[in-house]
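Asks: Residues per chain, in single letters:
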Amino acid sequence: MYLLALDWWLILEKCLLVAVVVALSFFIAMYTTYAERKVAAWLQDRRGPNRAGPFGIFQPLADGGKLFFKEEIIPLASSRFLFILGPSMAMLTALLTSAVIPWSTPMHLFGRNISMQIADINIGILYVFGVVSLGVYGILVGGWASNNKFSLLAAIRGASQMISYELAMGLALIAVLMMTGSLQMSVIVQNQVQHGWHIIYQPLGFVIFFVCALAECNRTPFDMAECENELNFGYHQEYSSMKLGFYLFAEYINMFISSAVMVTLFFGAYDIPFVNEASWGLNANWLAIIGFIVFLAKTFFFLFVFIWIRWTIPRFRYDQLMNLGWKKLIPLALANMIVTAVVMLLLKK
Amino acid sequence: MLTQRAKQVDRRPMTGLESIYLWNILKGMMITLSHLFKKKATIQYPEQKRTFSKVFRGLQVLNRDAEGRENCTACGLCAVACPAEAITMEAAERLSGEEHLYREEKYAVKYEINMLRCIFCGFCEDACPKDAIYLSQTFAPANYGRKGFIYKKEDLLIPHPIEQPEAYKKALGEKVVKADG
Ligand code: SF4
Ligand code: SF4
Chain A
6 MYLLALDWWL ILEKCLLVAV VVALSFFIAM YTTYAERKVA AWLQDRRGPN
56 RAGPFGIFQP LADGGKLFFK EEIIPLASSR FLFILGPSMA MLTALLTSAV
106 IPWSTPMHLF GRNISMQIAD INIGILYVFG VVSLGVYGIL VGGWASNNKF
156 SLLAAIRGAS QMISYELAMG LALIAVLMMT GSLQMSVIVQ NQVQHGWHII
206 YQPLGFVIFF VCALAECNRT PFDMAECENE LNFGYHQEYS SMKLGFYLFA
256 EYINMFISSA VMVTLFFGAY DIPFVNEASW GLNANWLAII GFIVFLAKTF
306 FFLFVFIWIR WTIPRFRYDQ LMNLGWKKLI PLALANMIVT AVVMLLLKK
Chain B
2 MLTQRAKQVD RRPMTGLESI YLWNILKGMM ITLSHLFKKK ATIQYPEQKR
52 TFSKVFRGLQ VLNRDAEGRE NCTACGLCAV ACPAEAITME AAERLSGEEH
102 LYREEKYAVK YEINMLRCIF CGFCEDACPK DAIYLSQTFA PANYGRKGFI
152 YKKEDLLIPH PIEQPEAYKK ALGEKVVKAD G
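Going down the list, the protein sequences come from chains A and B.
Position in the first sequence (from 1) plus 5 gives the number in my numbering.
Position in the second sequence (from 1) plus 1 gives the number in my numbering.
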C-alpha cells in the first residue's frame, strides 16, 4: 500500500501506537491517583478508599465522575481563551513526552517489524527537554489568566522553579550522554543492555535527575506552585470542575512519563538484569510483551517512590528550594560531569 | 522548662552534607516505610463499632419506671443546668385517667434536645431529681438536615418496659439505672 510514496501501514501503525500509549497513560494516571490515596493511607496507618467497589478500585471513576458534575466556573475577570488554554496545555505537554519512550523491543506482526516506540528520533532527549520546558506554560498561562494575585504568584514561582531545576537536570544528563555518545533513546537503551545500566556508572547523576524530576512534576517537596498554606492552592485556585481535573491529572501523567524517562535513561528500560533474554529462544512478540511488563514494573516502582516521598517530607521553603537548586544541585551536577569526563578520558587512553 | 519532655533544639548551622537534605530525607522515608506494615488504626464504621466505656456519655434517653410511666415531671432543672441551652420543654398537668402514662402530676408534653447544641456533658442527668434523663452509650447518627438533629420526646423516650421488653433492655444498655427516682 504505497500511495504518494508513503508507507500508509506505518502511519496506521503509529496512530494505533499513539492511541494505545495515550489510553495507557490515562489509565495509569487514573490508578496512580488511587495508589496515591492508598499509599498515603497506609503510610499513615489508615486504610484508604475501600468503599467504591472491591478494595475501592472504582474510586478513580467516582472521583472523575464527581469532577465532571461539578459546576464549572470561569471567573468574569479572567481571560477566557487563556483560561481554557492553560489546562489544555498542561495536559498536552504531559502526554507529548511519551512519544520518544521505547516501551519495549520490536514486535513482529503481519510480516512487519513494529517498533514499540512512537518516534525514534535522533534527538530523543532534546525532545523530552523541549516538551518538559513547554510544560511550564500550562502553569504560567493558567495562573496568569485567572487574574488572581495568588495564582499569579504561584505561577511565577512554578516557572522559576522549573527553569532552575531544568538546568541541573540537563547537566546531570550530559554525563549520561557522554557515555552513550548519542541523544537517541534506542541507542541509550542498547548501550545499557550491553554495558550494564547507567545507574551503576552514574548514581549521583541519577539522584540529581530524580530530585529535578520531582521539581519538574511539581511534586512535594517541590510543589511550590500549589502550596495550600501560603498561596491557597496556587495556580489552579480559580479552576473548577474538569479543568481543575485536567491540571491534577496532568500532574499524574507527568509522574508516569518522568518515571518512564528515568527507567529508560538509568534503569535499562525493558532490559531484565543479569539474564540474556535473547537466549531464551522465545519469539520476538513474547519477548516484547515481557519487556513491556518489565518496563512497567520498573516505572511503577518509581511511581511508588514519588508517592512515598510526598507522604514523608513537607514542602521546602522557597529560599531553601532555590538554594538547593542553584547552590547545591548545579555544582554537584557539574562536578559529576567533569569526573565522568576525566574518567572516560583516562580509560580510553 | 515547663515539662519534663521539653527537648533542647539543636540550632547549629547545617553541615554541607545536611544541606543537601538527602540523608535525612532517606531516614524519614524509612520511618514512613515501616508504617506500611503496621496495624491499621481504622475502625470501619458501619460494620465495626467502637466499644464505649460504661461511663460514656452519648445520646440522651428519657426514662420510664418499671410500670412504663414517664419519669419526667417537667421541672426544668435539666434545662437550667444545661450549659449549651439545648433543652426545651413544655409542661402540662396530668389529667385523671392518665396515671398509667405519667408518674408525676405534672409532665412534659413537649421535650426537645437539639443535638447540634448538646455537648454531651451529662449535666442534665446530674440535675434531674426524678432520674428521668440519662445519657446512653450511643451517639446521634448522621443526618442530612439540621431539623433531623432536633430530637423530640418520641425520639428520646425509652421503649415501654412491659410492651416492648427486649427493646427496653437494649436501650437501657449497660447503664445501671435505679428503679425508682
Ligand atoms: S448533656 Fe449537657 S449539653 Fe447536652 S442536654 Fe444535657 S446538660 Fe445540655
Ligand atoms: S428530665 Fe428531669 S430535670 Fe429535666 S425536666 Fe424532667 S424531671 Fe426535671
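Hints may be right or wrong, so weigh each one.
Stated by the list, open to error - EDC-like mimics (lysine to aspartate or glutamate), calculated; alpha carbons at most 16 angstroms apart, straight line:
| no. | chain 1 | residue 1 | chain 2 | residue 2 |
| --- | --- | --- | --- | --- |
| 1 | B | Lys-41 | A | Glu-18 |
| 2 | A | Lys-333 | B | Glu-126 |
| 3 | A | Lys-332 | B | Glu-19 |
| 4 | B | Lys-39 | A | Glu-18 |
| 5 | B | Lys-40 | A | Asp-50 |
Claimed, not checked - So the derived label-pair ranges between C-beta atoms look like this:
| no. | chain 1 | residue 1 | chain 2 | residue 2 | range |
| --- | --- | --- | --- | --- | --- |
| 6 | A | Glu-233 | B | Leu-18 | 28 to 36 angstroms |
| 7 | A | Arg-52 | B | Thr-139 | 17 to 25 angstroms |
| 8 | A | Gly-186 | B | Leu-18 | 27 to 35 angstroms |
| 9 | A | Glu-233 | B | Lys-50 | 52 to 60 angstroms |
| 10 | B | Ile-163 | A | Glu-233 | 44 to 52 angstroms |
| 11 | B | Val-56 | A | Lys-75 | 40 to 48 angstroms |
| 12 | B | Asn-144 | A | Ala-24 | 31 to 39 angstroms |
| 13 | B | Ser-20 | A | Ile-168 | 15 to 23 angstroms |
| 14 | A | Ile-168 | B | Asn-25 | 21 to 29 angstroms |
| 15 | B | Thr-139 | A | Ile-168 | 28 to 36 angstroms |
| 16 | A | Ser-93 | B | Ala-7 | 32 to 40 angstroms |
| 17 | B | Gly-29 | A | Ser-284 | 37 to 45 angstroms |
| 18 | B | Asn-25 | A | Phe-32 | 29 to 37 angstroms |
| 19 | B | Leu-23 | A | Ser-93 | 34 to 42 angstroms |
Worth flagging that the hints you see were computed from the coordinates, not collected in a lab.
Since this is a predicted model, take the numbers as computed values, not measurements.
The C-beta atom is built at its ideal place from N, Cα and C for all residues, glycine as well.
Asks: Would you mind confirming whether the straight-line C-alpha gap from Lys-332(A) to Glu-19(B) stays at or under 16 angstroms?
Replies: holds, 13 angstroms
Asks: Could you say whether the range 34 to 42 angstroms given as a hint is met by the Cβ separation of Leu-23(B) and Ser-93(A)?
Replies: Cβ of Leu-23(B) to Cβ of Ser-93(A): about 36 angstroms, so the range 34 to 42 angstroms holds.
Asks: Under the criterion that the straight-line Cα-Cα distance not exceed 16 angstroms, is the pair Lys-333(A), Glu-126(B) satisfied?
Replies: Status violated; Cα separation ~66 angstroms.
Asks: Can you confirm whether the C-alpha distance between Lys-41(B) and Glu-18(A) stays at or below 16 angstroms?
Replies: violated, 48 angstroms
Asks: Using the Cβ atoms, figure out if Ile-168(A) sits within 21 to 29 angstroms of Asn-25(B).
Replies: At 27 angstroms between Cβs, range holds.
Asks: Quick one: are Gly-186(A) and Leu-18(B) within 27 to 35 angstroms, going by C-beta?
Replies: holds, 33 angstroms
Asks: Starting from the hint 31 to 39 angstroms, judge whether the C-beta atoms of Asn-144(B) and Ala-24(A) obey it.
Replies: violated, 48 angstroms
Asks: Using the C-beta atoms of Asn-25(B) and Phe-32(A), is the stated range 29 to 37 angstroms upheld?
Replies: Since Asn-25(B) and Phe-32(A) have Cβ atoms about 36 angstroms apart, the given range 29 to 37 angstroms holds.
Asks: If you check the beta carbons of Val-56(B) and Lys-75(A), does the distance land in 40 to 48 angstroms?
Replies: This hint holds: roughly 45 angstroms between Cβ atoms.
Asks: Look at the Cβ atoms of Ser-93(A) and Ala-7(B) and judge whether their distance stays inside 32 to 40 angstroms.
Replies: violated, 53 angstroms
Asks: Is 37 to 45 angstroms respected by the C-beta to C-beta distance linking Gly-29(B) and Ser-284(A)?
Replies: holds, 43 angstroms
Asks: For the pair supplied as a hint, Lys-40(B) and Asp-50(A), is the alpha-carbon distance within the 16 angstroms limit?
Replies: holds, 7 angstroms
In summary, the numbered hints that this structure violates are 1, 2, 4, 9, 10, 12, 15 and 16.
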